[in-house]
Every structure is written in structure tokens, then in C-alpha cells.
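Line by line, the protein sequences are chains A and B. Here our numbering is used: position 94 in the first sequence is 95, and no number is missing along the way. Here our numbering is used: position 70 in the second sequence is 81, and no number is missing along the way.
For the record, the hints were derived by calculation from the structure and aren't laboratory data. Treat the hints with caution; some may be incorrect.
List time: in silico DSSO-like cross-link candidates among lysine-lysine, alpha-carbon distance up to 27 angstroms [unchecked claim]:
no., chain 1, residue 1, chain 2, residue 2
1, A, Lys-32, B, Lys-69
2, B, Lys-136, A, Lys-161
3, A, Lys-32, A, Lys-46
4, B, Lys-105, A, Lys-161
5, A, Lys-46, A, Lys-121
6, A, Lys-163, B, Lys-136
7, A, Lys-46, A, Lys-85
8, A, Lys-163, B, Lys-105
9, B, Lys-105, B, Lys-69
10, A, Lys-85, A, Lys-121
Derived, one-sided and incomplete: chain A residues facing chain B with beta-carbon distance under 10 angstroms [unchecked claim]:
no., residue
11, Ser-146
12, Lys-163
13, Asp-164
Anything over 12 angstroms on all C-beta distances counts as not near chain A; from chain B, calculated [to be verified]:
no., residue
14, Thr-13
15, Glu-16
16, Arg-21
17, Glu-25
18, Arg-26
19, Glu-109
20, Gln-122
21, Gly-142
22, Glu-144
C-beta atoms are modelled at their ideal positions from N, C-alpha and C, and glycine is treated no differently.
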Amino acid sequence: MGSRGPQRGAMHRLPVVGRRSSPLQPAEVHKPPPAPKDLGPTGRKAWRVVLASMPLSIPTLDGLTVRRFCDVLEERDEVMAAWKEHGPLLSEPIVTPRGDIAGERLVANPAAAMLRGLDKELDALSDRLALTPAARARLGLTMTSAERQAAEVDRLLGAKWKDEDE
Amino acid sequence: MTLNEHPIVRPIAERAAESILAAIDHLPAHLMFALAWNLAEDDEPTLAAIGEAAAGGKSSRLAEAMIFAAFIGESTPLLERLADDTEPWRTIHKGISEVRSAVYDAWPGLQQRHERRRESRERWKRRDAIGSEDDDA
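Generate the whole structure from the sequences, applying the supplied hints.
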């Protein structure tokens with residue numbers, strides 16, 4: 002024995018960490034309540050997905066926030082369609098004081114600013130509804146596989162000795 | 012015949028070593044890696060041998076380490092402290108215990124010698140403790 006630590010050149014025999022499947026459990030899925038009838042296809046799909054998988058959701062309480070999320074998503078769809086149709090730059094006529102059109106100039110499509118605003122609103126709502134991994138982690142709803150593995154290792158190594166108080 | 016060549020003790024130790032390595036190998040990869048490394052770093056020679064064997068896959072060296080530890084009386088204090096309620100500690104505990112029993116069966120009188128030595132050590136420890144209390148007073 003003598004030396005401490007694994008034998009030289011022996012560690013390559015150990016399997017690669019993380020070779021096995023992740024111990025993370027899939028998110029729990031519940032049956033969502035029916036979507037409001039006035040929502041469009043995008044909104045209805047979002048309603049279904051969010052309320053089916055949202056962690057710790059109470060549809061009666063969270064319905065209003067989810068409805069806002071769906072509305073913003075639908076609005077974004079419309080603005081995005083306009084942005085796609087016209088592109089990032091629009092031609093604007095240059096009008097003289099007399100009312101004649103002297104030429105054209107390019108201006109930024111206002112849909113771009115609207116999209117940024119809607120995205121910001123969606124991000125805030127996603128955060129409140131714990132729809133992003135970071136938001137879920139902040140709520141303590143998930144544990145990364147690295148954290149889980151570290152906890153398992155601690156538990157295994159901590160169980161090495163008998164409790165001396167026994 | 013050397014200590015490691017005993018015809019009864021050696022096969023028992025080999026089997027115990029293989030079952031210990033199998034119990035460690037059965038763990039998920041990240042636990043196996045961490046356990047092998049942690050044990051290989053342990054101050055307890057038998058546990059260090061388990062760690063080295065888990066990393067290097069040499070059960071014969073582990074068998075020899077367990078026979079030696081049992082022969083010099085190291086196994087008993089280790090078994091008293093080592094957990095035996097969860098895996099892989101249960102298998103490790105059982106393996107070391109089996110080797111110790113085989114060694115004591117093979118060398119009659121060895122267990123009594125170890126027990127006498129331990130009792131003597133305990134007495135000296137108690138005397139030292141009383142002595143240090145008197146000094147403090």
C-alpha cells in the first residue's frame with residue numbers, strides 16, 4: 002500500500018462522470034382548465050402548455066397572469082407578422098413645406114421597438130410564472146444534476162462511520 | 012507459507028475483496044468515482060486499500076491488505092466504527108468481518124492476544140486520562 006491515492010495510470014479505468022442518465026425528474030404535468038374562448042391559436046396553445054406544466058400552479062389564482070402572458074404572446078405574433086412583412090427599415094416620404102414629396106428616407110420599423118417592449122413584458126411574466134430554468138432555480142423548484150450529485154456524494158461519504166452518539 | 016498464502020484464508024479474502032469491489036462498482040458513476048478517491052485518501056490503511064483497488068481493479072491487493080489488517084488486529088477497531096446499515100458500507104463491513112473471522116480461525120490464540128493488547132491499551136489510556144485530570148487539578 003504505502004502511497005495514498007489511486008495508482009498511477011489507474012484512474013482512466015473509472016467510468017466518465019455523468020455517463021448515466023440524468024437523475025432529474027421530468028416536470029409534473031397536470032390537466033389544464035379549458036382556455037378562454039376569445040384567445041387565438043397561439044394564446045390557446047400557450048395557455049395549455051403553461052398551465053399543464055407550470056410548477057405549483059393554482060389555475061384559479063394564476064389564470065389571470067397566464068391570461069396576460071397569452072395576450073402579450075398573441076400581440077407579439079401580430080407585431081412580428083408586421084415586422085416580417087415590412088422588414089427592419091421603412092421608406093418614409095420627405096415632404097417639403099409646400100406639401101411636395103421631395104424624396105424618400107429610410108426609418109426604423111416601429112415594430113422593432115414594440116417587439117422589444119413585448120419581449121421585456123414576456124420575460125417578466127415568464128419569470129413570475131417560473132417558466133425559465135433560472136426562475137425555477139430561484140424558487141428552489143429544481144436542482145441541477147451537479148448539485149444533486151454533490152448531495153449524493155456527501156450523503157454516501159457522510160454515512161461511512163457509525164454515529165458515535167449511539 | 013506466508014501470511015497471504017494460507018489455503019483457507021486467502022480464498023475467503025479474495026471473495027470478500029471481489030464482493031466489496033462489486034458493491035462499489037454497482038454505484039452510479041459519480042458516486043463510485045468520489046468514493047474510490049475518498050477512500051484512497053483515507054488514513055485507515057484498509058479503507059485506502061479499498062479505494063486503490065476500486066480505482067485500479069486489483070482485488071488481490073485488497074485481499075492481502077484485509078488479511079494483514081486482521082492479522083495485526085486493526086480490523087476490530089475499524090469494524091466498531093465503520094457503518095454497516097447502508098450500501099456499500101454494509102458489504103465492506105461484512106467483507107472485513109469475514110476476513111477477520113477467517114484469520115482468527117486460522118491462527119488460534121490470535122484473537123485473545125489482540126483482545127489482551129486492546130485491554131492493556133485501554134487501561135493505559137484510562138490511567139493517562141486520570142493522570143491528566145490530576146495535573147489539571
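| task | Check each numbered hint against the structure and report the violated ones by number, ascending. | result | Of the numbered hints given earlier, the structure breaks just one, which is hint 1.
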